[in-house]
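Trainee: Sequence:
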Amino acid sequence: MTAYQVRVMFLDRLQDKHEDQELKIAILEFVAACVGKQPGLTEAFFNMKHITKTEKDDKSDKTTIQDNNDEGILMYMAEYLGTINADVALLHSPLLGCIMALFHALWKNNMQVLVKELRESSNFWEQLTSPLFNIIQPGLRSYAQIFNVLGIELFVSRGTIDPSLKKMLEMFFDTDKKYLDDWIKFIYSFDGRRDEDEAIDRVPVWLGLLTSWKDFTTIFCKCLPICLNIAHKAKMVKLCLTTLLQELKNLKDGRLVVILAELYVIMLANWKDDCFENRKAIAIEIGGMLSNTAIVYECLHPRAKRAILSIGTVSISSLDYEIKANSTVAQSIIRAVTDINSVELEALFDHMNDVPKSEPIVNGHNVNEDIAPIVLALAMVEQCLELYDAMFTGLDRWFQSTMFINKLLCCLQNCLQNRIHYHTSLAALRCLITYSRGPFSKDLLVSDVGQFLWLQLLPPKFDMSDLKASWKPAEWWKVYAHSMDFISMMVMKHGQFFANSAITFVGVHLEHLVEAILMPGQVVNMDSLNLCAATLNLVLQLMKYESRWRIENLNSLVTIMRSISTCLCQCVILALRARRPDVVAAPAAPSTPALDDSSAVVSLQHTPTLLNRILELLHMASLCLCAWSPPLLTLLADPVPVSGPLLVELHFGAPKISYETATAPELSFGTLLAAVCLLTKTLNHSYHAEDSSGSRSPRARRRACSCATGGGSPGGGRSGRSESLTSLSSGTSAAAGLWPLLNERLVAGALDASITLLASQALVVVRNPHVATRHKQLVRRELSSELTIYHDFVRKRVLCATHMRPHLLRHKLGAWPLAQDEDEVEKLEKARDSSSDADSKLPPPPPPKRAANDSMREYILRKHYLDKCAQTPIKEPPSPVSHSTPTSERKGSKRVSWAETAPDSDEGESPPDAAAPYTPLTDVQLNNDEDYFHFMSLVFLYICQNDL
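Using the numbering used here, you'd call the opening residue of the sequence shown number 10 and step up by one each time.
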């Protein structure tokens, strides 16, 4: 049968006025069914022909064109557009409804090219969408089809939308017209809904219209070419939430709850800031929604559960102030949240061993499309715990009445080793972390956490042959990192009450903790670095209780510290390797096949995020070793040499950045010096960038030049050589293109910790009587030669304060008088009253004789002090004036002595009658002028120039 015969057999009957209308409807429905299913019949009905171009200049290709005769179905579709544009009331005709269904089938199957001639008309979209701009007629399925066609067209032509379609959309969403308001009211009125049972095999018209509106909203929230008015957004959101509350309260049709909840989630995800017009009223409605949901939770569809839990999580996070201000709403929300989670946890216990459906596979990886409702429920609990603080003392009884913590710990005990519940385990651990940080964390102290979790947190076996059913290393790293974050938070929050349990955890997991600490030397990706960071954070918190740890398990303490020193060395090697673009990233160590992941080989030249994380690891590892090493001030101030562990080797060579040796690198003085120099150069590079951008003032530049020249000082030659080295290293970093992207705060923190560790260990060596004199001289010589860059950085950058970085500004607190003794003040006042010469002026104290070993700074301070005493006549002996080194140019900053400050004084001098009474403590004042970098520079100069 030819295409012509097919058209004659079917389409000619549509023109026959005497043919039965039901037969015409069946023919049109058959044509619509062929679209997308029967391409041959579709070409026959639309009268498509194929011709082949065989010209010399063009390649032979096959093209499809429309025949010029009027035998196809396209003629009837053109008549439909003209008919409904002239009289929209004719849409009630079943034949016109079937032709609209044919338009809908073409767009749904991405076959709009079949009506290309109609679309090229300038008034096509005006005619097709004309029913939307006239009186709404209930009971028509064509409205839903028009919304679907508009949504598909918006999605397909996101960048090149038709001008006529854009004009129709602007008219539909125009704030001066009532089209959108009328349609919103009509859609949410559910016109045509009946209480009796409807046909199961056919979607009702009102439900199809609501579904089409949800799909259209999903697309125009992302692809609408015009800006939507905030008032219209608020109306759509408010009416949707009100209707959802009514349906949850009545629960007559579960389908409505699913669609309305998902529609609200879509609008909330795209218009979060515009969804809460009346925040107080919406907070009350959210509380009512969660309360009604808790009552009928077990009767809801899983899709409705996910949507409602998502709404609750986002709303609680956004309306925190309004919820806190209303205690009734706060009580109802926390009660509903705990009830919902109790139901979900009990359901999890009942179906713990059930095997879920197989996950879809995309690009060779399993994709979990549907997150379990318990994951969202635990996320909502997490938001509630973040919301409430110690002010809400009565809210903990809801957690206690439902035994939430016990159920959560039992859930973790059963889920941790089961990969099926991987997302549930992560959500439960995140919830525990938030709970331990909140005001109700005391419940965890009496819950015997170690009995539930310590053995279950032992890593499972990794079966690399069956990746679908067994754990992947990266997945377990996330679980293990979350567990250690929880333990660290408990130690931080409860201190010695939880320290014993944490030390037990370290003893049980010692081998795995060491492996986690050494992870940067095996696999370099974000998951492995996060695991190492969580482990170092736990060790750093436990070092506060070092004495207890030493008593209970000395072996684990020593082993952990040795692994941390290796980790620090590995971080320095990674940082050095990142500056070498010629070094290729090496694969994971062959001795750890379980850690061989697809992301194991990572090039550090293009990952500044990884380098920032490595800097954090370097910082935390240095802090841990500083806590293990004797305190720096004790080593400096104690006259008796302090014995402490020597954590670094007496080697001063640069660390190897290649993978030639299989043995773990050892931390040495050379490694620490390389880290300090590298971090100093990185900070100095930011100053060079600032100089080139011209951000400093001319006065600051002059000060920098005067400090940099140094006059005729003997160290001028060395300073110039060091500056040239610094500039060269900065150019290398800029060429690499990576180090300028690092976080300066992280670099400054890592430099702070690493240089403290270096100074502490240098003092341990220098002040140790058992170390040979030759080794001490070697340490002094290497520190003096290698730290030239650091000393120049402090002198040229920090002391001059020629920068705009708040984390490196020198805090000038001025002179701080110590508190005076009230009893002594009363005795002095009595003695002053009884004295006859109380009104006589006391001469200023004579200038003290300058000792031979006094510094020039002390001499200048005394000179300023005497000049002040000579110029300012006072009744009482003056208090010494605070003098300090120059500070940064900060607008409006004026520093005077705290002892001289008066609120009404313009010159910073107190009037004679307002002078504070003299006490012996007046002369004792604290002066905090120098920052830590300057202090450490002086410490190294002290170590190198003095025989300790």
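In short, the hints are calculated from the structure, not lab data. Hints may be right or wrong, so weigh each one.
[What the hints assert, rightly or not] Calculated lysine-lysine pairs in the BS3-like style (CA-CA distance at most 27 Å, straight line):
1) K261 <-> K244
2) K46 <-> K186
3) K502 <-> K451
4) K187 <-> K261
5) K470 <-> K451
6) K481 <-> K502
7) K125 <-> K186
8) K175 <-> K46
Keep in mind it's a predicted model, so treat the numbers as computed, not measured.
Trainee: Against this structure, judge whether each hint is valid.
Mentor: Results of checking the hints against the structure:
no.: 1; hint: K261 <-> K244; in the structure: 25 Å, holds
no.: 2; hint: K46 <-> K186; in the structure: 41 Å, violated
no.: 3; hint: K502 <-> K451; in the structure: 9 Å, holds
no.: 4; hint: K187 <-> K261; in the structure: 31 Å, violated
no.: 5; hint: K470 <-> K451; in the structure: 34 Å, violated
no.: 6; hint: K481 <-> K502; in the structure: 32 Å, violated
no.: 7; hint: K125 <-> K186; in the structure: 31 Å, violated
no.: 8; hint: K175 <-> K46; in the structure: 31 Å, violated
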